[in-house]
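Student: Sequence:
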Amino acid sequence: MSYQKTQQRKRRHARIRSRVHGTAEMPRLSVFRSNKFIYAQLINDDAGVTLAAASDVKETSGTKHERATKVGSAIADLAKKNNITRVVFDRGGFLYAGRVAALAEGARAAGLQF
Numbered sequence: 001m002s003y004q005k006t007q008q009r010k011r012r013h014a015r016i017r018s019r020v021h022g023t024a025e026m027p028r029l030s031v032f033r034s035n036k037f038i039y040a041q042l043i044n045d046d047a048g049v050t051l052a053a054a055s056d057v058k059e060t061s062g063t064k065h066e067r068a069t070k071v072g073s074a075i076a077d078l079a080k081k082n083n084i085t086r087v088v089f090d091r092g093g094f095l096y097a098g099r100v101a102a103l104a105e106g107a108r109a110a111g112l113q114f
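The sequence shown: position 29 = 29 (our numbering), numbered continuously.
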């Protein structure tokens with residue numbers, strides 16, 4: 001990714017973060033997408049703590065889109081273990097399309113509400 005494109009994404013993410021805030025009851029579901037992998041975290045911004053995290057780094061089978069859906073369901077399962085049913089979605093400055101949308105749909109299908 002070029003430097004300019006990265007800076008534009010970071011500016012978009014800063015605007016999103018000015019509006020999106022996670023709490024213990026309703027944490028922020030933060031998404032980061034690299035060229036190879038996708039990462040998701042549940043974050044309590046009040047305490048500055050990551051409650052759960054999932055990624056497809058160890059997953060090698062399937063397309064990137066399928067792996068993103070699996071990461072969404074994995075983060076939803078981790079949220080259920082922590083008694084979390086509702087989250088605030090933070091797309092991280094990425095467009096809500098492709099792998100980011102697949103992760104969100106996987107999390108919704110597994111029971112997270114946002």
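Hints were generated in silico from the structure; no laboratory data involved.
Worth double-checking, as some hints may not be accurate.
[Stated by the list, open to error] Pairs of lysine-lysine residues, derived as DSS-like cross-links and limited to a Cα-Cα distance of at most 27 Å, are as follows:
| # | residue 1 | residue 2 |
| --- | --- | --- |
| 1 | K81 | K58 |
| 2 | K36 | K5 |
| 3 | K80 | K64 |
| 4 | K58 | K70 |
| 5 | K64 | K36 |
| 6 | K81 | K5 |
| 7 | K58 | K80 |
| 8 | K81 | K64 |
| 9 | K36 | K70 |
| 10 | K81 | K10 |
| 11 | K10 | K70 |
| 12 | K36 | K10 |
| 13 | K70 | K81 |
| 14 | K70 | K80 |
| 15 | K58 | K36 |
On a predicted model such as this, the values are computed, not experimentally measured, just so you know.
Student: Which earlier hints turn out false for this structure, listed by number in ascending order?
Tutor: Going through the list in order, the structure violates hints 6 and 10 and respects the others.
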